[in-house]
Amino acid sequence: MYRIILTLTICYSSIYSQNDTSEKALNTTKTNYLEEVIISATRTKRQLSSLPLPVTLISKSQILKSGTIRLNEILNEQTGIISIADESGFEGIQMQGISSDYIMILIDGVPLIGRSSGNLDLGRITVGNIKQIEVVKGPSSSLFGSEALGGIINIITETPKTEQHKGIVSHRIGSFNTQDSNLNFSKRKKKLGYHFFINRLQSDGYDLRPDIPGQTVDPFDNYTFQGKLWYNFKDNLSLFASGRYYFQNQELNLFLDEINYNGTSDLDEWNTQIRLDHRPSSRLKFQYEFYYTNYKAGELLTNPNSNEVLSQSNFDQHLLRPEVRSTFSFSPKNDLTAGIGWNHETLNRTFFDEEVGFDSQYVFLQYDFYPLKNINIITGARFDNHSEYQSQFSPKISLKYDLTKNLSLKTSTGYGFKAPDFRQLYFDFTNSAVGYTVLGYNVATDKLQEFIDLNQIADVVVDLDELNQPLKPESSIGFNFGTTYKTRKLLIEVNFFRNEIENLIDTRVIARKTNGQNVFSYTNFNNIFTTGLELNTGYKLTENINLNLGYQLLYAKDKNVLDRLEDGDFFARDPATLETFRLSKSDYFGLLNRSRHTINFKVFYDIPSWDANINLRINYRSKYGLINNTAGGNDILDIFDPFVEGYAITNLSINKAIYKSYKLQIGANNLFDYTDVQNISNLAGRQIYGKIEVQF
Amino acid sequence: MKTIKLIIVLLISSYFISCSSDDDSETTEMPEAIVAKRIDNLHAPQTGGQGQPVGGNFTKFDFATGQITSSNTDWDIAFRGTTIAVNGGTSTGTADEPIRNADVIVAITTNTFGEVKEAPDASEFTADADGTFAIPTGSGNGWYNYNPQINVISPIAGKILVFKTRNNRYAKVEILSYYKDAPTTPDPSSDIARYYTFNYVYNPNEGNKNLE
Chain A
1 MYRIILTLTI
11 CYSSIYSQND
21 TSEKALNTTK
31 TNYLEEVIIS
41 ATRTKRQLSS
51 LPLPVTLISK
61 SQILKSGTIR
71 LNEILNEQTG
81 IISIADESGF
91 EGIQMQGISS
101 DYIMILIDGV
111 PLIGRSSGNL
121 DLGRITVGNI
131 KQIEVVKGPS
141 SSLFGSEALG
151 GIINIITETP
161 KTEQHKGIVS
171 HRIGSFNTQD
181 SNLNFSKRKK
191 KLGYHFFINR
201 LQSDGYDLRP
211 DIPGQTVDPF
221 DNYTFQGKLW
231 YNFKDNLSLF
241 ASGRYYFQNQ
251 ELNLFLDEIN
261 YNGTSDLDEW
271 NTQIRLDHRP
281 SSRLKFQYEF
291 YYTNYKAGEL
301 LTNPNSNEVL
311 SQSNFDQHLL
321 RPEVRSTFSF
331 SPKNDLTAGI
341 GWNHETLNRT
351 FFDEEVGFDS
361 QYVFLQYDFY
371 PLKNINIITG
381 ARFDNHSEYQ
391 SQFSPKISLK
401 YDLTKNLSLK
411 TSTGYGFKAP
421 DFRQLYFDFT
431 NSAVGYTVLG
441 YNVATDKLQE
451 FIDLNQIADV
461 VVDLDELNQP
471 LKPESSIGFN
481 FGTTYKTRKL
491 LIEVNFFRNE
501 IENLIDTRVI
511 ARKTNGQNVF
521 SYTNFNNIFT
531 TGLELNTGYK
541 LTENINLNLG
551 YQLLYAKDKN
561 VLDRLEDGDF
571 FARDPATLET
581 FRLSKSDYFG
591 LLNRSRHTIN
601 FKVFYDIPSW
611 DANINLRINY
621 RSKYGLINNT
631 AGGNDILDIF
641 DPFVEGYAIT
651 NLSINKAIYK
661 SYKLQIGANN
671 LFDYTDVQNI
681 SNLAGRQIYG
691 KIEVQF
Chain B
1 MKTIKLIIVL
11 LISSYFISCS
21 SDDDSETTEM
31 PEAIVAKRID
41 NLHAPQTGGQ
51 GQPVGGNFTK
61 FDFATGQITS
71 SNTDWDIAFR
81 GTTIAVNGGT
91 STGTADEPIR
101 NADVIVAITT
111 NTFGEVKEAP
121 DASEFTADAD
131 GTFAIPTGSG
141 NGWYNYNPQI
151 NVISPIAGKI
161 LVFKTRNNRY
171 AKVEILSYYK
181 DAPTTPDPSS
191 DIARYYTFNY
201 VYNPNEGNKN
211 LE
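Note that the protein sequences, when read in sequence, are chains A and B. To convert, note that position 534 of the first sequence is 534 in the numbering used here; the numbers rise steadily by one, no gaps. To convert, note that position 7 of the second sequence is 7 in the numbering used here; the numbers rise steadily by one, no gaps.
Same shape as in the complex, but just chain A:
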């Protein structure tokens, strides 16, 4: 009986909320759920354990205990997720072997923009105001559209809980003069609730190579401001508004040909979200949402002696997204959700002729029901109409079957896609030092004609008519099959995954220039897959000791390469004799930057008598290839190529509460000071830190 009441409470109070919003916070006094609730998987509130999808929830308490300050750090400690830098040094998240380009990052249900070569740097996001992080693995385009091909990560920020003013202020100081300060302030009263948040992070950066001039990471400081407001007009009508502003300034230093160039790199990001929640009846709910975001980045490097500009780049992206969602409950646990929306996106940047824009309209529908008491099915689809590429239809179905109280099976399959991005369509870049050119797909024909008119083209190597066919979106079919066994002391989750990605967009040569260099443009050609196994276990050793072990096995390969290997098309060079030999399929390691094995092991130890806890987390990734080692004679990663060695990073954190309002924390990230100067520039050495938090 109690369970039913709880379910009803969840359903009727705020099941439809995009984030954990107004009504839950304002209408009910009860704020503790019996079970963890997740909203990203279905865009309705669902108990984590009831979902038929592979989802991970990272709670605030886990974030706080771990002493992490940025989103990439905490995600990197989760099974099957790693934060990596690509061969150009751009950081992003990789999930089930799918790179950052294909993973949508949302804050309170609305997407972030501003990617560098497809990577969204999660170091931009502080964890200081995060309530929980929800990760959905596998194609999620059926609800979220483009970019959600590999999954989504939704960051849910804090909501006011009590009628008293509640403030938390904290300061953390660590190695490299890294200082992280947070202020959270919230209150709710009858019809009104608000939450304000400020974060400042500064660091002197670090230098892995003191022997050469300049630092590996230059000093920076950044600020995050967020304000959120709730207002209840009536019991069934409420308003939510949120504004977020982030900016970062970084000094830049570059030593080139004995000259010390210096300059700055600036980032500015705005997010504005307004939402009206209306519940005409107890079964029906509407959400009217408006979202606007702007991401700007600028970089300038000059020679301080001559004021000559070495490089200058600008990036200014906007996204406007109105969306209306509605959920109708036929009965408890039997929901139909529908949505309609419009994306308007523009980008103006260096190497574009002019500002370019995309428009897309979309509708989605989802039905969540229990055909039998122990079987849950969620099925849905989304249709995206787009100004620049083919319309996309993204269906998905997932099913969970509870065999016993402790054992369940779940499986899901779905379609995901990623639209060609602005760079792939409009880029116009010529490397002045070497002389090659990269052209976006949509401008390639015209730009190439300009080069031909200037007599700079020796030879066009593709059929130009072919370029008039629109570039296809990258698409995938994902499959997950898993089982969960859960008792009071033990949790075992196993999930098999396979993602087949088609029409991957990459560059190819379209013409040869008279200077001997190539003109590149983008095209659809690679078909890849990522497949493997995830294992997650948790064991309560004693009342106060929790152990967690996570493992991912991953194979990520290019199918075209496998076909060509079968034909005997690839060779490698013997390093001693420099002579060549033919490669076989088993010599192929796979895609770059994918480790076969990743492991995380965590121990959490509570000491109630001291009001303290200690945790130790070890993260391991096995060897991987970072760049195409063409010196090996081919452009694939084979087992004879050099690899970045596998490594483990150990993080330790000790927390102690004093009285009711003070918390102290000391810890060390990368305790054993592992660095790889040659290959991993984003891995600083050991960082010791101490933090104090005061509640008022």
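Just to be clear, a hint being listed does not mean it is correct.
What the hints assert, rightly or not - In silico SDA-like links for lysine to any residue, alpha-carbon gap of 20 angstroms or less:
1) A:513 - B:92
2) A:513 - B:130
3) B:37 - A:576
4) B:37 - A:311
5) B:180 - A:574
6) A:296 - A:311
7) A:513 - B:148
8) A:45 - A:311
9) A:513 - A:438
10) A:513 - B:53
11) A:45 - A:438
12) A:513 - B:81
13) A:513 - B:136
14) A:513 - B:131
Unchecked claim - Stretch-level coverage of chain B by chain A, calculated; a stretch enters the list once three of its residues show a Cβ under 8 angstroms from a Cβ in chain A:
15) 30-41
16) 165-179
Claimed, not checked - Partial chain A-side listing against chain B, Cβ under 10 angstroms, derived:
17) 166
18) 579
19) 635
Don't read these hints as lab results, they were simulated from the structure. Predicted model only: the values in this text are computed from it and were never measured. Ideal placement from N, C-alpha and C gives every residue a C-beta, glycine not left out.
With chain A held as given, fit chain B onto it using these hints.
Okay, now just chain B, sitting in the frame of chain A:
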């Protein structure tokens, strides 16, 4: 036993010799031995590059002598930077290129050096032409890859160049390195580029496609 084997070998060789003399009634000479050699550090300088107009003389090579040559007529292939010209076809239009005065053609095959046992069909051969080299220039197009991340030129493994020389002989070439003294892992900051090291097999018998 040994003597019997030797006799068999002798019988077989004399059979082959007599065969070939039947086919080729003009001559009864033994075929000339196939030449297999490695050329180290063939220097192929160029001027310009890095966005500037490319120029400078090509370094010419003659398969018959197995030597670099300064002759304007007795050469088969010529090197300048990453560009390889053949003494056949027409001028490509690049500055300072040598005048073509023979019919050298080239076929790019994909195989290991050892497995290219015979020159391919005539249809696979091409000569230089206006605007294009028979061995295409640019990374990934012809014989090399250029990796901008490490700034290294690497010969593509399994690209074997088969030439029909100006005297209607066949030769196969595998380029091993573009750096002086053929380092295993070239370091562009210390290793000097534009020094070719290559293996070649040359069949001095006219029209004979055998390259084993």
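Numbers of unmet hints, in rising order:
Hints 4, 8, 11, 15 and 17 are the ones this structure does not satisfy, whereas the remaining hints hold.
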